Amino acid sequence: MAQLRLDKLKPIVALGVFLIAWWVVPTFVKSFLKVSFTEFQAPAWIVSSYLDDLEGFWARRSHSKIELIEAGRELAREKAYYQYYAQRNESLEAEVERLESILNLPSRREFRYEVARVVRRDLSAWWQQIIIRKGNDYNIPEGAAVIFSGGVVGRVVEVNAFTSCVELVTSPNFRMAATLEGDGRPVVYQGILQSGFGDPEGTVRDAPQDLVANSQAPLKLVSTQLGGTFPPGLMLGTVAWLEPGSTGIFQAGTVLLDERLLSLNEVAVLIPLNPLEFDTDAP
Amino acid sequence: MLLDPRIIIMFGANVLLLYLTLLVNSALSNWLLYLVLLGPMVVLPAIFLRHRSYVLCTLLTGLWVDAALPTSFGLITLGFLAAGAFIFQIRFRFRAEHNYHPILLAHACNFFAIALITIASGVGNLLVSAFWIQVILTSLISHLTLLVVAPWFFNLQRTLFELCHLDTEPEDFPIL
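As they're listed, the protein sequences go chains A and B.
At position 77 of the first sequence the residue is numbered 77 (our numbering), and the sequence of numbers has no breaks.
At position 63 of the second sequence the residue is numbered 63 (our numbering), and the sequence of numbers has no breaks.
There's no promise every hint is true.
[As the list claims (entries may be wrong)] For lysine to aspartate or glutamate, the following DMTMM-like pairs were computed, each having C-alpha atoms within a straight-line distance of at most 25 Å:
| id | chain 1 | residue 1 | chain 2 | residue 2 |
| --- | --- | --- | --- | --- |
| 1 | A | K8 | B | E169 |
| 2 | A | K10 | B | E97 |
| 3 | A | K220 | A | E201 |
| 4 | A | K8 | B | D167 |
| 5 | A | K8 | B | E162 |
| 6 | A | K10 | B | E169 |
| 7 | A | K10 | B | E162 |
These are calculated hints, taken from the structure and not from any lab test.
Computed from a predicted structure; not experimentally measured.
Could you put together the complete structure from these sequences and hints?
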């Protein structure tokens, strides 16, 4: 009888031992365990991502020659269009540099773009993250900005050997300085919990009182160089309504984000060429 | 034998289930739908295995899931061990040779896992209606999917036991 009772207690004892061990074990042991398990899983995700690429390759191979010729023609047109803009961009940049040197403005941060495939998307009520197929092997730094053709995607929060985890702009843990297009004053953007219905949303706070937004002419929320992570002018979303915030001094509103954020396949990580030295660069 | 060889099959099946779930979640992200199918992972080890093997299998599965999901590391392991301890204590009452009891347990464990993740996500979230809409939607879809997935998962494990010429019965028979 006593033996039976002891047997019944075994799982409770195991649970208690685990709790005590988890409390006593140093943090570096837990980190080592987490990294080990994560790295062990990474190959499976990378392989599935490459298989996806292969599937896309074979799907494209099934297109007829006529379709490929038409696509090539379309690409040639796009290329000519972008070549013209590249030239224009070069001349404008030269002009900006000339003006900056005349006005003795501080140099802007330059970035290297590292394009990465999205391996996995974890978008739920509890977390809003994606995993990308580049990590320490491409010198991705923690905290780097991540963008796509529609604007800001988020920020790198965890870097592993071959993968990185990106916190999406929709996440409540994501916050950044921004400006409303045409107005230089900074506002605060923050992600919010998503209801699951409609397009993804965020919030904007600390908008000046003189700004007016309406659904006919929504204001564009763009990134600013304040904070140093994102280059200025990247699209965050649109603000269709502003109302007095909780303080009464500033306005707050909802930001409608790009719906493509929920189905990203490829993103670009912005790696600063001259990383901020917080000891010396901080004012 | 010091450890039951069936823990390899059970752990492998759990890894497969998690991998497939996350693949489906990745594909469903466009509609902001998410599946949590953690319940079945803890049921058969707690019913079938002796204590030492059950603890090892559950611990490994928990750490594996913790590393894969963006939860705080150790949360799911703790949840699995707690749910497993409960099932282990009363496992004599369950008929393990059919899927009926394991499926019910899988639903209960899954609900427990969702509740655990929800509570761990922060008290501030609990006051937001959008969060609850999403959690309820996730729970509904997950449990509906579990109606199909749980029997398949348990049958897969049993088939693998047979293929590997391992014992297809629990260590302790239920009291009839």
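Ascending list of hint numbers which this structure does not respect: 5, 7
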